[in-house]
Structures are given as C-alpha cells and as structure tokens.
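Please work from the sequences and hints to get the whole structure.
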Amino acid sequence: MSKLNVAVLRGGPSSEYDVSLKTGAAILEHMPERFQAHDILISKEGAWHREGFERSPDRALANIDVVFNAMHGEYGEDGKVQKILDALGMPYTGSGSVASSLAMNKHLTKKAFETHGIKTPYYAVIKKADSVDEKLSHIFHHFLLPLVVKPASSGSSVGVSVVKNFADLEAALFKAFAISDVVLVEEYIKGREATCGVVNNFRGEPVYALLPVEIIHPKENGFFDYAAKYGGASQEIVPGNFSEKEKDEIQRMAKLAHESLGLRHYSRSDFMIHPRRGVFILETNTLPGLTDQSLLPKSLDAIGCTMRDFIGHLLALAME
Numbered sequence: 001m002s003k004l005n006v007a008v009l010r011g012g013p014s015s016e017y018d019v020s021l022k023t024g025a026a027i028l029e030h031m032p033e034r035f036q037a038h039d040i041l042i043s044k045e046g047a048w049h050r051e052g053f054e055r056s057p058d059r060a061l062a063n064i065d066v067v068f069n070a071m072h073g074e075y076g077e078d079g080k081v082q083k084i085l086d087a088l089g090m091p092y093t094g095s096g097s098v099a100s101s102l103a104m105n106k107h108l109t110k111k112a113f114e115t116h117g118i119k120t121p122y123y124a125v126i127k128k129a130d131s132v133d134e135k136l137s138h139i140f141h142h143f144l145l146p147l148v149v150k151p152a153s154s155g156s157s158v159g160v161s162v163v164k165n166f167a168d169l170e171a172a173l174f175k176a177f178a179i180s181d182v183v184l185v186e187e188y189i190k191g192r193e194a195t196c197g198v199v200n201n202f203r204g205e206p207v208y209a210l211l212p213v214e215i216i217h218p219k220e221n222g223f224f225d226y227a228a229k230y231g232g233a234s235q236e237i238v239p240g241n242f243s244e245k246e247k248d249e250i251q252r253m254a255k256l257a258h259e260s261l262g263l264r265h266y267s268r269s270d271f272m273i274h275p276r277r278g279v280f281i282l283e284t285n286t287l288p289g290l291t292d293q294s295l296l297p298k299s300l301d302a303i304g305c306t307m308r309d310f311i312g313h314l315l316a317l318a319m320e
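Residue 98 in the working numbering sits at position 98 of the sequence shown, and the numbers go up by one each step.
Simulated from the structure, these hints should not be mistaken for lab results. The reader is advised that the hints may include incorrect statements.
Stated by the list, open to error - Cut-off 27 Å, straight-line C-alpha distance, at most; resulting in silico cross-link-like pairs (BS3-like, lysine-lysine):
#, residue 1, residue 2
1, LYS80, LYS44
2, LYS164, LYS119
3, LYS44, LYS111
4, LYS190, LYS135
5, LYS135, LYS119
6, LYS190, LYS175
7, LYS22, LYS111
8, LYS128, LYS111
9, LYS119, LYS22
10, LYS255, LYS80
11, LYS111, LYS247
12, LYS80, LYS175
13, LYS128, LYS164
14, LYS111, LYS175
15, LYS175, LYS255
16, LYS135, LYS83
17, LYS175, LYS247
18, LYS190, LYS22
To be verified - Per label pair, the in silico range of CB-to-CB distance:
#, residue 1, residue 2, range
19, ASN201, ASP292, 24 to 32 Å
20, GLU320, SER137, 49 to 57 Å
21, GLY117, ARG34, 36 to 44 Å
Predicted model only: the values in this text are computed from it and were never measured. Even glycine gets a Cβ: it sits at the ideal position worked out from N, Cα and C.
See below:
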C-alpha cells in the first residue's frame with residue numbers, strides 16, 4: 001500500500017518564524033511511518049519552497065494528499081494560508097479560515113468569550129487612529145495598575161507589556177502598535193498561570209481536555225513572555241498543582257473556548273487563576289507550538305500519548 005503524501009508547512013511571514021521552523025522540524029521527526037513527509041518552507045517574504053526551489057502554492061503541493069500546518073502567527077494562523085488551501089481543495093490540520101481569523105483577533109475572541117459566558121479580564125480596545133490622549137485619560141480613570149497592553153493580533157506574547165505605572169503606558173502602546181493597528185488594554189489578573197489543550201474526537205470524547213499545565217515563569221520576566229516561553233527557564237508542571245475544582249473549571253473553559261470559536265482538531269487556551277475571583281481565560285491558540293519545549297507535547301506525554309500518535313490522529317482528522 002502506497003504511503004499518503006504529507007506536506008509540512010513551516011516558516012512564513014510572521015514574528016514567530018523561528019518557532020514555526022522548530023514545530024515543523026518536530027513534525028517531520030515524528031511523522032508516522034504510514035505517511036511520506038515533504039518539507040515545504042515558506043520564507044519570511046511569503047515565497048513557497050519545495051526541495052530547495054521556489055514554487056507557486058499549487059505546484060509546491062503537487063501530488064500531496066494532506067497538509068500539516070506547522071506555522072504560527074500571521075499568515076499561517078490567521079486564516080490566510082487556510083484560504084489558499086481551501087481554494088486548492090487541499091485538506092489540512094487545524095482550524096478553518098474563518099475560525100482561524102476570529103481566534104487570531106483578540107478583540108473578536110473576547111467578544112466570543114463574553115457571548116458564551118466565559119470569564120475573561122476587563123479590557124478596552126484602542127485603535128491606532130484614535131486620539132491617544134483621550135484613550136490614555138479613559139484608561140487612567142477606568143483601570144487599576146498594573147495592566148496588560150497587547151496587540152490585537154499576534155502570538156507568543158510578541159509586543160505584550162505589563163505596565164506598572166502610567167508613565168510607561170504610552171511606550172507600551174507604541175510597542176504594541178508596531179505589531180498591530182488595534183491594541184487591547186486589560187486588567188492584570190494576579191495569580192497562578194495555566195494552559196490547557198484540547199483535542200477533537202480523542203479517547204472517546206468529541207472534545208477531550210488534556211491535563212492543565214501550571215506555568216511558573218522567572219521573576220525577571222514579569223509574565224510568560226516570548227523569552228520565558230522559549231528560553232527554557234520557566235517551570236512547566238504537568239499536571240499542575242490545582243485543586244480538583246480549579247482543574248475541572250480550566251478544562252471546562254478550554255473546551256468551551258474551543259467550541260465557541262468554531263475551532264477544529266486541537267487548540268490550547270491560556271488562563272490565570274486568581275485566589276478569590278477564580279479562573280479567567282486570556283486567549284486561545286489555534287496552532288499551539290509542538291517543539292520539544294512547547295506545552296502541548298508535555299500535556300500529551302503526561303497522558304501517555306506520543307507525538308507520533310498525536311500527529312497521526314490530527315492527519316486522520318484532516319483527511320475526514
């Protein structure tokens with residue numbers, strides 16, 4: 001029986017280019033034997049390459065049966081590459097174009113969470129075209145310090161700042177505006193950090209919640225930023241030291257977030273657990289990292305699921 005040909009898309013015009021290369025490398029390394037893997041590199045300029053040669057997307061995917069989308073951030077996770085694959089009639093792992101676009105926009109994600117009763121931090125939206133002085137005044141009168149400033153469309157905490165005094169607020173806004181024309185200002189939830197992955201049609205459940213991971217980042221990072229995520233200094237405890245009630249609530253909210261955003265195959269949601277106010281969801285990642293340092297593989301390992309089996313499961317879902 002001939003093997004199914006799998007294109008592993010990695011790279012892309014995103015601030016998360018390097019992480020995507022590592023996720024793609026992990027997919028290629030752990031590809032089940034029943035598949036034949038083909039490494040498709042998308043450059044930072046958006047050019048597709050196969051076997052060292054630049055090709056159009058349709059030619060790069062010639063004789064391919066299914067695509068494993070190993071990209072993160074802009075282009076790969078925001079619905080753009082999904083539209084290309086849809087136009088070519090190519091099955092692929094991860095969420096569809098509309099759901100990906102929705103989940104990548106933190107403002108729209110917040111609105112979806114609110115509609116479905118998923119508790120999320122209080123926030124305000126600031127657009128680049130807005131009067132900065134008016135918005136600064138609004139934030140001063142409606143928020144307590146510290147607060148979080150983040151681009152409305154980015155991943156891996158790129159462009160995110162924790163502001164501890166109002167003198168630093170304007171600089172944090174401009175830092176976020178360098179990434180996105182729309183910025184969210186959020187109340188800072190002080191508490192323990194967690195993340196929880198979910199997988200579709202897994203172990204007899206339509207949406208299966210993995211064990212929540214507790215994240216303890218280095219104090220100098222202030223929050224789980226890019227350096228804390230990929231620098232190797234953070235503690236990531238699986239399963240996290242949460243009470244049964246906290247664990248159940250994190251898993252319930254991760255599943256509900258996945259469903260409320262219309263996601264498919266898998267996702268991973270981030271949370272803060274306040275000692276009195278309970279569990280808050282921060283955001284949902286539609287294509288979480290799958291590198292050897294990433295959180296989802298650690299959750300899979302904790303329940304005895306290998307990366308090879310997980311990749312095979314996702315490809316089977318995509319082929320359906």
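Verification of the hints:
For a cut-off of 27 Å, the pair hint linking LYS80 to LYS44 stands: about 14 Å separates their Cα positions. Distance check on the hinted pair: LYS164 and LYS119 sit about 23 Å apart at the alpha-carbon level, within 27 Å; holds. Among the hinted pairs, LYS44 with LYS111 is inconsistent with the structure: their alpha-carbon atoms are about 31 Å apart, more than 27 Å. Among the hinted pairs, LYS190 with LYS135 is consistent with the structure: their alpha-carbon atoms are about 24 Å apart, no more than 27 Å.
Of the pairs offered as hints, the one joining LYS135 and LYS119 holds, with about 24 Å between alpha carbons and a cut-off of 27 Å not exceeded. Between LYS190 and LYS175 the alpha-carbon distance is near 23 Å, which keeps this suggested pair within the 27 Å criterion. Taking the CA atoms of LYS22 and LYS111, the gap is near 32 Å; set against the 27 Å cutoff, the hint is violated. Taking the CA atoms of LYS128 and LYS111, the gap is about 20 Å. The hint holds against a cut of 27 Å.
With a CA separation close to 33 Å, the supplied pair LYS119 and LYS22 exceeds the 27 Å bound. Of the supplied pair hints, the one linking LYS255 and LYS80 holds, its CA atoms being roughly 25 Å apart against a limit of 27 Å. Pair hint LYS111 plus LYS247 holds up; C-alpha atoms about 24 Å apart against a cutoff of 27 Å. Distance check on the hinted pair: LYS80 and LYS175 sit about 25 Å apart at the alpha-carbon level, within 27 Å; holds.
Between LYS128 and LYS164 the CA atoms are separated by roughly 22 Å; this keeps the pair inside 27 Å, and the hint holds. Straight-line distance between C-alpha atoms of LYS111 and LYS175 comes to about 24 Å, which keeps the hinted pair within the 27 Å bound. Simply put, LYS175 and LYS255 have alpha-carbon atoms about 32 Å apart, too far for the 27 Å limit, and the pair is violated. Only pairs whose Cα atoms come within 27 Å are accepted, and LYS135 paired with LYS83 is rejected, the gap being roughly 35 Å.
A distance of roughly 35 Å separates the Cα atoms of LYS175 and LYS247; the hinted pair therefore is violated under the 27 Å criterion. For a cut-off of 27 Å, the pair hint linking LYS190 to LYS22 is broken: about 32 Å separates their Cα positions. At about 26 Å, the beta-carbon gap between ASN201 and ASP292 stays in the expected band of 24 to 32 Å. A hinted range of 49 to 57 Å for the beta carbons of GLU320 and SER137 is consistent with their spacing of about 52 Å.
Between GLY117 and ARG34 the beta carbons are some 42 Å apart, a value that agrees with the proposed interval 36 to 44 Å.
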